[in-house]
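Colleague: The chain contents come next:
There are 2 protein chains.
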Amino acid sequence: MESKIIINQIIAGWQRQVAQTQGIIEKLSNEQLQQDVAPGRNSGFYLVGHLAAVHENIFKLMDLGEVKHPELMKPFVLKADKNGQEQYDIEFLKTALQEANTTLIEKFQAMEVAEWLSRHTNVSEEDFAKEPHRNKLSIVLSRTIHMAYHTGQLALLVPKA
Amino acid sequence: MESKIIINQIIAGWQRQVAQTQGIIEKLSNEQLQQDVAPGRNSGFYLVGHLAAVHENIFKLMDLGEVKHPELMKPFVLKADKNGQEQYDIEFLKTALQEANTTLIEKFQAMEVAEWLSRHTNVSEEDFAKEPHRNKLSIVLSRTIHMAYHTGQLALLVPKA
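Chains as they are written, first to last, in the numbering used here: chain A, 17 to 177; chain B, 17 to 177.
In case anyone wonders, no lab produced these hints; they're calculated from the structure. Heads up, some of the hints might be wrong.
A pair holds if it fits inside one copy or across any two, identical chains being indistinguishable in the list.
Unchecked claim - With a straight-line cut-off of 20 angstroms between C-alpha atoms, the simulated SDA-like cross-links for lysine to any residue are: (1) LYS20 with VAL129; (2) LYS76 with ASN138; (3) LYS176 with THR111; (4) LYS76 with ARG150; (5) LYS84 with LEU94; (6) LYS20 with SER134; (7) LYS20 with ILE155; (8) LYS20 with ARG135; (9) LYS43 with TYR165; (10) LYS176 with PRO55.
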């Protein structure tokens with residue numbers, strides 16, 4: 017019961033962050049998203065692709081089904097490679113992110129406490145026995161924080177009122 | 017037991033975020049902190065003052081003791097007022113933030129599960145009976161996410177390697 021309340025708070029935090037992030041992306045035109053968040057730094061385009069790749073990868077880490085576009089990981093996460101990124105268009109990346117976010121929240125809402133406290137796929141059974149905090153909940157917590165970090169940057173592209 | 021594991025994960029998330037944020041601030045000279053994170057946006061100076069005020073206010077929200085500099089709230093949170101901000105120097109704000117962070121983690125580590133699940137001071141007993149998620153844990157969760165958002169912005173001041 018207590019655990020359920022706390023887990024729901026964590027999911028609600030994820031949901032609020034998704035709403036803020038999507039709200040900012042929707043406010044920006046595709047031209048605005050092509051701009052760098054600060055001189056010489058990442059573009060909105062890159063950050064949307066980065067979030068899409070990271071959020072799709074949650075399906076794998078939490079064993080929630082197939083990653084739709086596993087090929088996004090290399091250019092947008094593992095190795096920031098401009099040529100690899102430029103194969104994608106911003107509409108494609110926005111849709112990938114939005115679809116991942118929509119499906120993830122449905123999956124999260126259907127999960128039981130025991131499942132949340134089970135290991136994620138990046139930790140072995142042996143290590144998990146010693147480190148029970150490396151559970152599925154830790155993925156949502158860390159990815160919420162990660163999303164907030166980059167949302168603070170995306171917000172810099174929104175013209176001042 | 018389950019609740020304790022989850023609460024510890026949330027505290028660990030706060031602690032990791034504090035470490036990242038402090039690490040970035042320490043990397044920056046006072047001159048770098050005076051710069052805006054992007055043209056026409058908040059300065060590092062402002063963001064350090066904003067985080068100091070918000071983190072000091074956690075003492076009040078969680079009933080953990082006196083707020084050391086309650087006068088920071090007005091210029092750095094409630095009403096962004098340049099004149100009010102310029103009374104403070106960056107060293108003062110950095111120290112205020114660091115001291116708040118250090119004391120908060122000590123307080124967090126001493127709290128029991130029941131205390132984490134008790135209401136924060138911004139919600140009445142009546143409302144809390146209907147909305148048990150408005151507990152002290154929700155403050156740490158939301159302030160971790162808030163800190164990450166602004167840390168993504170502060171990181172833009174660190175010169176590229």
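Colleague: Does each hint fit the structure? Answer for all of them.
Modeller: Checked hints:
For the homomeric pair LYS20 and VAL129, the shortest alpha-carbon distances inside one copy (6 angstroms) and between copies (14 angstroms) are both at most 20 angstroms. With identical chains, the CA atoms of LYS76 and ASN138 are at most 20 angstroms apart within one copy only, with a shortest distance of 9 angstroms there and 39 angstroms across copies. For a Cα distance limit of 20 angstroms, the shortest separation of LYS176 from THR111 qualifies neither inside one copy, at 26 angstroms, nor across copies, at 31 angstroms. In this assembly of identical chains, the alpha carbons of LYS76 and ARG150 lie at most 20 angstroms apart only when taken from the same copy (15 angstroms versus 32 angstroms across copies).
Taking the closest pair of Cα atoms, LYS84 and LEU94 come within 20 angstroms of each other only inside a single copy of the chain (17 angstroms); across copies the shortest separation is 43 angstroms, beyond that limit. In this assembly of identical chains, the alpha carbons of LYS20 and SER134 lie at most 20 angstroms apart whether taken from the same copy (14 angstroms) or from different copies (15 angstroms). In this assembly of identical chains, the alpha carbons of LYS20 and ILE155 lie at most 20 angstroms apart whether taken from the same copy (17 angstroms) or from different copies (18 angstroms). Taking identical chains as interchangeable, the C-alpha atoms of LYS20 and ARG135 lie at most 20 angstroms apart whether they share a chain (17 angstroms) or sit on different chains (17 angstroms).
Taking identical chains as interchangeable, the C-alpha atoms of LYS43 and TYR165 lie at most 20 angstroms apart whether they share a chain (18 angstroms) or sit on different chains (18 angstroms). Taking identical chains as interchangeable, the C-alpha atoms of LYS176 and PRO55 lie at most 20 angstroms apart whether they share a chain (17 angstroms) or sit on different chains (11 angstroms).
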